[in-house]
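Chain order of the listed sequences is F and X. Heads up: the first sequence begins at 1 in the numbering used here, then just goes up one per residue. Heads up: the second sequence begins at 1001 in the numbering used here, then just goes up one per residue.
Simulated from the structure, these hints should not be mistaken for lab results. Take these hints with a grain of salt, some might be off.
[Unchecked claim] Simulated crosslink set (PhoX-like; lysine-lysine; CA at most 25 Å straight-line):
1) F/K45 x X/K1066
2) F/K79 x X/K1014
3) X/K1041 x X/K1066
4) F/K99 x F/K45
5) X/K1020 x X/K1064
6) F/K42 x X/K1020
7) X/K1066 x F/K99
8) X/K1041 x F/K99
9) X/K1014 x F/K99
10) F/K45 x F/K2
11) F/K45 x F/K79
12) X/K1041 x X/K1055
13) X/K1064 x X/K1014
14) F/K2 x X/K1020
15) X/K1041 x F/K45
16) F/K2 x X/K1014
17) X/K1014 x X/K1066
18) X/K1066 x X/K1020
19) F/K42 x F/K99
20) X/K1014 x X/K1055
21) F/K79 x X/K1064
22) F/K99 x X/K1064
23) F/K42 x X/K1055
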Amino acid sequence: RKEVEQDPGPFNVPEGATVAFNCTYSNSASQSFFWYRQDCRKEPKLLMSVYSSGNEDGRFTAQLNRASQYISLLIRDSKLSDSATYLCVVNPRGSSASKIIFGSGTRLSIRP
Amino acid sequence: GAVVSQHPSWVICKSGTSVKIECRSLDFQATTMFWYRQFPKQSLMLMATSNEGSKATYEQGVEKDKFLINHASLTLSTLTVTSAHPEDSSFYICSARRTGDNGNQPQHFGDGTRLSIL
C-alpha cells in the first residue's frame, strides 16, 4: 500500500461546479498535511495547509479525518484557472529532517 | 517571504556533460533542502535530502556518485548531474525547509530546472 494515495482522475467538470478530492495516508502518526497545486511544467505551489478542525480559504475547503486517515479538498464555484494537478502532501513525522510524502496527484480540468 | 530560487531554469546539453543546478533560499536560512525529479505525467520523486554541513541522504535507487549534492551554506544547495545521459532528462525541483521548522510547516519550492540531454 502506498503511503499516500490519491485518485489520479482526470476530473473533468464544467465551470461553476463543485468538485471534491480525497487523499488517504497510511501512517497514523502523520503530523501535518497540505494541498499543493501543480500546473503543467511548473513547480508545485502551496494551496493550503490542512488543520485538524478543517479550514477554508475562499472557494477552497480542506478537511482532515484522523480516524479514517484521509484529507479532502473541496473546490466550490470552480473556475477555468483551477485546472491543474492537485497534490496531497503528508509529513509523517514532525522533525526538521523528516521528508514529506507526495501523492501522485489528481488532475482537474475545468471546461467552459 | 520564503522565496526559493533555482538556477538554471532550462538546460540543453550533449550527452556526457556534467550539469550543476543551484537552489537558493533568498530570504531565510534552510538547514535542510530536498531534491526531486519529475518525469512527464508522473509524480515528484524524492532523490535526496540535503543537509547543511553534512552528507546528503539519498533515496533508494539514486546513485550518489551520479547525483552529487553539496550544501555548503544555509542558503545554497547544489545538485550536479555527472556525465548526464538522455535518460537523465527530467524536471528537477528543489525545496527548502526553514531552519527551526520542526516539519510542520510547508516546504518552499524552487521554480524547477528542465534538463534535456541530447
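| said: Please verify whether X/K1064 and X/K1014 have alpha carbons no more than 25 Å apart. | reply: holds, 21 Å
| task | Could you grab the alpha-carbon distance between F/K45 and F/K79 and see if it respects the 25 Å cut-off? | result | Holds: F/K45 and F/K79 sit about 18 Å apart, inside 25 Å.
| Restraint status (C-alpha distance of X/K1020 to X/K1064 at most 25 Å) | holds, 14 Å
| query | For the pair supplied as a hint, F/K45 and F/K2, is the alpha-carbon distance within the 25 Å limit? | reply | holds, 23 Å
| Holds or violated: X/K1014 with F/K99, Cα cutoff 25 Å? | violated, 33 Å
| Do the alpha carbons of X/K1014 and X/K1066 lie within 25 Å of each other, as the hint requires? | This hinted pair holds, its Cα atoms lying about 16 Å apart.
| request: Measure nothing beyond the straight line between the CA atoms of F/K42 and X/K1055; if it is 25 Å or shorter, mark the hint as holding. | output: violated, 28 Å
| field | Distance restraint between F/K42 and X/K1020, which requires alpha-carbon spacing of 25 Å or less | value | Cα-Cα ~20 Å, so holds.
| Straight-line alpha-carbon gap F/K2 to X/K1014, limit 25 Å | violated, 37 Å
| Is the straight-line distance between the alpha-carbon of X/K1066 and that of F/K99 25 Å or less? | With a Cα-Cα distance of about 21 Å, the restraint between X/K1066 and F/K99 holds, given a limit of 25 Å.
| request: Sort out whether F/K99 lies within 25 Å of X/K1041, counting only the CA atoms. | output: holds, 22 Å
| said: What's the verdict on X/K1066 and X/K1020, does the C-alpha distance respect the 25 Å limit or exceed it? | reply: holds, 12 Å
Hints 1, 2, 9, 12, 14, 16, 20, 21 and 23, counting from the list given before, are not met by this structure.
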